[in-house]
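Protein chains: 4
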Amino acid sequence: MSDHGEAFVVDPRRDVDEYIDLAVEDCAKIKYIFETHRNEDYVVGSLELKDKTGGEICHSFATEYGYGDHSLRDGDGFRVGRLRVESLWTPGHTINSMCYVVFDTRNSGVPHLVFTGDTLFVGDVGRTDLSGDDVWEEMSQRLFESLHEKVLTLGDDVAIFPAHTAGSICGSKISDREISTIGYEKRTNPLLSLSREEFVKDRLENEMPRPRYFRRMEKWNLEGAPLLKDVKAPELLEPKAFAEKLSDEKALIIDTRQPDAYAGSHIPDSISVWMDGSAYYTGLIIPFDKNILLVCERVEDVSTVVTYLRRIGYDNVIGYLCLGIDAWRNEGYLAESLTPMHVEELNRRLIEGSVHLLDIRERYEWDEGHVRNSQHIFLGELQDRLDELPRDVLVCTTCGWGGRGGIAASILKRNGFKVANLLGGIHAWESRNLPLVNSSS
Amino acid sequence: MSDHGEAFVVDPRRDVDEYIDLAVEDCAKIKYIFETHRNEDYVVGSLELKDKTGGEICHSFATEYGYGDHSLRDGDGFRVGRLRVESLWTPGHTINSMCYVVFDTRNSGVPHLVFTGDTLFVGDVGRTDLSGDDVWEEMSQRLFESLHEKVLTLGDDVAIFPAHTAGSICGSKISDREISTIGYEKRTNPLLSLSREEFVKDRLENEMPRPRYFRRMEKWNLEGAPLLKDVKAPELLEPKAFAEKLSDEKALIIDTRQPDAYAGSHIPDSISVWMDGSAYYTGLIIPFDKNILLVCERVEDVSTVVTYLRRIGYDNVIGYLCLGIDAWRNEGYLAESLTPMHVEELNRRLIEGSVHLLDIRERYEWDEGHVRNSQHIFLGELQDRLDELPRDVLVCTTCGWGGRGGIAASILKRNGFKVANLLGGIHAWESRNLPLVNSSS
Amino acid sequence: MSDHGEAFVVDPRRDVDEYIDLAVEDCAKIKYIFETHRNEDYVVGSLELKDKTGGEICHSFATEYGYGDHSLRDGDGFRVGRLRVESLWTPGHTINSMCYVVFDTRNSGVPHLVFTGDTLFVGDVGRTDLSGDDVWEEMSQRLFESLHEKVLTLGDDVAIFPAHTAGSICGSKISDREISTIGYEKRTNPLLSLSREEFVKDRLENEMPRPRYFRRMEKWNLEGAPLLKDVKAPELLEPKAFAEKLSDEKALIIDTRQPDAYAGSHIPDSISVWMDGSAYYTGLIIPFDKNILLVCERVEDVSTVVTYLRRIGYDNVIGYLCLGIDAWRNEGYLAESLTPMHVEELNRRLIEGSVHLLDIRERYEWDEGHVRNSQHIFLGELQDRLDELPRDVLVCTTCGWGGRGGIAASILKRNGFKVANLLGGIHAWESRNLPLVNSSS
Amino acid sequence: MSDHGEAFVVDPRRDVDEYIDLAVEDCAKIKYIFETHRNEDYVVGSLELKDKTGGEICHSFATEYGYGDHSLRDGDGFRVGRLRVESLWTPGHTINSMCYVVFDTRNSGVPHLVFTGDTLFVGDVGRTDLSGDDVWEEMSQRLFESLHEKVLTLGDDVAIFPAHTAGSICGSKISDREISTIGYEKRTNPLLSLSREEFVKDRLENEMPRPRYFRRMEKWNLEGAPLLKDVKAPELLEPKAFAEKLSDEKALIIDTRQPDAYAGSHIPDSISVWMDGSAYYTGLIIPFDKNILLVCERVEDVSTVVTYLRRIGYDNVIGYLCLGIDAWRNEGYLAESLTPMHVEELNRRLIEGSVHLLDIRERYEWDEGHVRNSQHIFLGELQDRLDELPRDVLVCTTCGWGGRGGIAASILKRNGFKVANLLGGIHAWESRNLPLVNSSS
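Chains as they are written, first to last, in the numbering used here: chain G, 1 to 441; chain P, 1 to 441; chain W, 1 to 441; chain U, 1 to 441.
With the rest of the complex left out, here is chain G:
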């Protein structure tokens, strides 16, 4: 956000060129970089952006960071062009959560908009379990207070910009999910109409996954992440060179094609994570000590995937298969299929008992509705619970539409199970009017 030759950025990603380009367009110097909290779901690009622009990094006093220029307390103010940015300490999601209120100094005293980080979302509020079970309730109480005593009192007409929209409200068009105000949230966000007691109860029931490999992000966001100019670019590898890299036991293939293509043909032992999912699901399942090798649908996808993986701390992508899976097969290397499954066939086989259905979605999705007699293991726990699965029957994985199911199926396949993936997932099942049960039934 820029004004009169100065700009600030909230919670930048590590790939910071976009912010710089926007600032140049406005002929604005990036003066401040505000962090709403020590993020845990991506590597913040503050150091990267500071390195390239000289912007000063601001975050909460409540945690001792290994980097940064300003430790903010409640009410600290910064001038950016004719704007004033004021910090609002809003503990709850984390102890170091800050919101940033923007004023136009020409309309002094009237707050214009607020960056709410992971404190207040459109239609939702932040989770409170990340600081540990012992303070879960306390953090829930504090979030209630931060919301009702600080954020909501700014005024109904104040526009809100939650996390992940930092620096740009919108891609390029109006999405009704992306525009909101404090007043609109008060009128429509169900969590804001709860009493303190109800609110805390709701938060304590809000159990969410903590991807195991997300700890690297917490650590880097506390200490400061490596600069990307020091990270090696992945090597272009022809099939032969790619195959040679596999002999290293730390090597692991991630296949980012769609689950349909993976089902059709893939390199043995590769893990399926479709491209758009790679920015998140990789962190659920891939250890950081692996050297990642990529199989992509198209060569231009490589840089996209590498960017996604770096955003969540996987800097160790060592190479990619050039000219793709066709070249691999053409040169005589082994490829395999994963049995593709569609709902009609699954239904038939469930009836005849020739398949075991494994649902790897999150708990709350499972609770809302699942196929009778299916088994539930959350994707993030799958690797540790393989012994709960039968080895004598075809295991068919499922999720919402087939993406996460493909990840799970590829893990099972690596581990020697007979496996299929339901393309279409629970969505397709439901759309064909096949029955679901919920957890209370």
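Bear in mind the hints are in silico, worked out from the structure with no lab data behind them.
Be aware that a few hints might be false.
Since the list gives no way to pick out one identical chain from another, each pair is judged satisfied if it fits inside one copy or across any two copies.
As the list claims (entries may be wrong) - SDA-like mimics (lysine to any residue), calculated; alpha carbons at most 20 Å apart, straight line:
(1) Lys-150 with Asp-41
(2) Lys-250 with Asp-133
(3) Lys-186 with Asn-107
(4) Lys-52 with Leu-228
(5) Lys-186 with Asp-15
(6) Lys-186 with Leu-154
(7) Lys-418 with Ser-247
(8) Lys-186 with Gly-155
(9) Lys-52 with Arg-84
(10) Lys-52 with Lys-232
(11) Lys-290 with Gly-81
(12) Lys-240 with Arg-79
(13) Lys-219 with Asp-15
(14) Lys-290 with Leu-228
(15) Lys-240 with Asn-433
(16) Lys-52 with Gly-319
Chain G is fixed; fit chains P, W and U onto it per the hints.
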């Protein structure tokens, strides 16, 4: 704005591909095209967009248009995905002014945002003089009512999107001028805190130019504009071919380079309108029966300028000079300079009496501050008031920074005056602490 | 190719914007459009380019075209900037084949380069069977004469530009296949060292497929093809709308994803033609009276595929499935798999006799090496020879790497066969050192 | 140039991403980087490309370089895919000049094309004066031998690729200047038909400028240039910050707008070098110890100019004026004009004796034709010969079309002369049929 496979667009420009691309990205069909009023400052692209997408055109019942699918009254509702769009008849700026309120049907009854057309701007409201002097006061009264009884009652937390941001809130970043809410306007927009009496008085004093060539837009927006596929593309012309076109008396050169470059060298009788200004100022000075020939800084500017000119109804750009003014001179065609003037020299010459200063800005700018002893003629009236200017002394034109002054200077030069243009304009004068007087002094 | 403000284009494609952009960059008017012959493998864009630029169309006198400006005889000359372009009548590939020799008038008398159309290729020469069996030998004789008496006599140092590189020698880098000279061809092209007798014999043995649906191109290239501005753009279709279109019996789905993805999941009865193959193979198998519906991997592929199909005369692409196969399945529509097959499994099943292998490559490929006991039916004849195939056993299709095999498999599947496609094809088979036999063994 | 997964690059520029992108498109590893000689007119990007791709650097044994992997002698061979690249030692232009002949190993023994560096150009040959006056004749003799005994004997049909087209024959279209063969050169290049005696005489008369600041390139190309990742990006500077930088006496402004715009208005003491000229002329006039500040027409020009300047060794661009000269003037900073002059006025003033004409072109241009009574000082010597110019009369600079004249005028203006620049230059003068004299007249 799209939701669940359907989209609507408000007041599209004639170059509609951007809307279509955005819709395709969302896999959404453009279902409705809403016009906030019969626009007078650009050619609306409703027919163009309908031709390419099949979207249905909606506008006010209060005027009989020559095209369109729905004549809306107050309170008509349309479904777009899970959104509902409701028309709000808000006469004042024009008799046919409509605002469009958007609801999310999942939060029924709670308005989410409103497209306010030229009724309510961020920090301003619409002008009321366009319907003629006889109804100026009446329209001002109606605008007051439309604002206070309709728009402002939607709720403080409702986000507003005024005209010209239709279909996209923002280019790509947050500008503090582009985000507002009804509550924020109520707190900061000075016109909204006026009493009815004060408001009407203010509007009646709000005299604004009506560019003479803007009538084509009014006409086309009433009857429907030609489709661009039937408009001929400008021809690439080398200097010789360009020179030949000049023999036609309807030919007129527009030079869209910066005023500095025009001052340095230009083709005799060409009119200077810098590129970004061409989307507006052309309509002040260029008759529609001219065949426009372009001189641009770079060949890639041609399509930008052609788009700008078509937006305001100039479809008759017949050619452009390829390889620019250098090629023109290299082949021996005549080029001329316009005396460049900077503030220091102007000040010296004003003291010694060797220059006549002509300020061509709008009346309100002149009133706020001008150079003592300068003459004021608004740019839009210049052609008709040439006999008020001296022919025996150097006339130096001025405006804010030099752009409009360049237009004026090029007109004077065509008409045989000795002329210079103040590069830097009143801005530079003021920044160098040279004195200004205002109209009351 | 342009010089001093003028340009010419040889054998343009129908999507002509690229030529226009190149000419604008050089500030050159496209003055002539040369056709090397009545092309039979793509729709020539001469009329399209003339419509947009006014360039004059030149082709051979030896055929009566339904359009065009100049009927060229041997030795006609045209001036383009400082270049001279001279026609060389070189019958053989067709009766109307022309080559175009370019001279720099500053080095008069010395030919610089020659556009050789389908007369002389790098390492090959044109086929001579297209004019019919009765004149096959005669045309072979004439090609020999055209080459040895006309083209090769231009001089060893003359650079050659065969068909399909018209207007641009190279994408953007030097490929050793793209640069050649007459002398280099004389030294390395095996067909140029044959005696007349050997040459004719070789040509008469050179049997090549004539895709049945390529006749439209011959017709349009004789009479003039429709302008693209009159061709309707395909509609964006959500799953429901897409499904509705299928009820029309003229509707046919082409799925342009890779064969792996098609194998994993596809819409029943859709034909698999991978994107890059669609520019050619569509013409082998898809009748022109079909209304084509597209399933693409990504939404940005649609315009590429539409361009490819229009190049070969399929203007009837009526729509595409938006958001792809996932959306289709999610909404409960049926999807199916095609059994994916890899070489190891195929080998095993061939041994146990549980599969019938169908090789659909061209005759000459089959002759060079195929799997023992496989059956050969050329892809272009498959639809007419379905009754030669067994219906009681799994038919596995194969080709070079899996693309054409996928087309064949999708045709068989539509016709009720049990079918699989060998991903990797004969390439993978051979690379794994599995045995091939050739036709003489 | 790539083949089968391997590629080589000849004489890369420092901005190497283009080569890498082309290689990735072909899925090729850059294996070798060939230098044709120690270049003196740009900084070679070999080290840069090696750093990013691991390609091995190859250059001549005849000079001891401070970097590189292979010291080549005549006839060394390298394999790249199915290609073979053979070095040909061709001293003459420099002692370390090499040509690189490419063979297709499938056509063994037949050379396909040759990269001729600065040894043989289309229509010209290399200069021989760079090694010093004492060996000028010797080097001319050696160049004759290298051409006639080595390059020309490769065969008439061998295509040639001279320096500066390395890695890409063409931008994107066929230019008749860019395609040639040894045979075509033998038939059309006037220097190749000279006897040894005539050839040497011609070379010894071929006096060319040696831009004084080009020595950095020689040095860096001998020792190895700094990597760009260690070069600081220029700072975005608003007028105030820009003005502050000027107080440093090492600061120097380069204004890269067109000469017309510079004439209209510019910052005092700035040097005019139009954008496309900056890649060469900067080296004639700007010392390396200056800290360069840029004024560009558009913000997107900055990176182009920075790239151009880095190519010739100016890594010290410390900042650029954001929002350009308008912003500078608007904030009250001084701007000045340079009197623009057109031929008609010049002619008039020459007759009345009120102007002194200074022609700053190269000697050979002056010799071919200049305005009677004009003075000649080559641009590269201007700074050292200022005392030869009159200070009491307007000095009008001229060149071909106005670009170099603008550079000269800006230098004179900095040094206190009364100065104008002839826009249009000698081209316009001549095109208007005004008389020129040549040196022998």
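Going through the hints against the structure:
Taking the shortest Cα distances, Lys-150 and Asp-41 never come within 20 Å of each other, neither inside one copy (25 Å) nor across copies (44 Å). For a Cα distance limit of 20 Å, the shortest separation of Lys-250 from Asp-133 qualifies neither inside one copy, at 34 Å, nor across copies, at 62 Å. In the homo-oligomer, the alpha carbons of Lys-186 and Asn-107 lie at most 20 Å apart only across protomers (12 Å), although the nearest pairing inside one protomer, at 24 Å, exceeds that limit. For a Cα distance limit of 20 Å, the shortest separation of Lys-52 from Leu-228 qualifies both inside one copy, at 11 Å, and across copies, at 14 Å.
For the identical chains of this complex, Lys-186 and Asp-15 are neighbours neither inside a copy (34 Å) nor across copies (39 Å), given an alpha-carbon limit of 20 Å. Proximity of Lys-186 and Leu-154 under a CA criterion of 20 Å is satisfied in both settings, with 12 Å inside one chain copy and 15 Å between copies. Taking the closest pair of Cα atoms, Lys-418 and Ser-247 never come within 20 Å of each other, the shortest separation being 25 Å inside a single copy and 38 Å across copies. Taking the closest pair of Cα atoms, Lys-186 and Gly-155 come within 20 Å of each other both inside a single copy (10 Å) and across two copies (12 Å).
Taking the closest pair of Cα atoms, Lys-52 and Arg-84 never come within 20 Å of each other, the shortest separation being 24 Å inside a single copy and 43 Å across copies. Taking the shortest alpha-carbon separations for Lys-52 and Lys-232, both the intra-copy value of 18 Å and the inter-copy value of 9 Å come in at or below 20 Å. In the homo-oligomer, the alpha carbons of Lys-290 and Gly-81 never lie at most 20 Å apart, since the shortest distance is 46 Å inside one protomer and 32 Å across protomers. Only between protomers do Lys-240 and Arg-79 lie at most 20 Å apart by alpha-carbon distance; the minimum there is 18 Å, versus 57 Å within a single protomer.
Taking identical chains as interchangeable, the C-alpha atoms of Lys-219 and Asp-15 lie at most 20 Å apart only when both belong to the same chain, with a minimum of 19 Å there against 36 Å between chains. For the identical chains of this complex, Lys-290 and Leu-228 are intra-copy neighbours only, at 19 Å inside a copy versus 31 Å across copies, given an alpha-carbon limit of 20 Å. Taking identical chains as interchangeable, the C-alpha atoms of Lys-240 and Asn-433 lie at most 20 Å apart only when they sit on different chains, with a minimum of 16 Å there against 48 Å within one chain. Proximity of Lys-52 to Gly-319 under the C-alpha cut-off of 20 Å is restricted to the inter-copy arrangement: shortest distance 14 Å between copies versus 27 Å within a copy.
When each numbered hint is compared with the structure, violations occur for hints 1, 2, 5, 7, 9 and 11.
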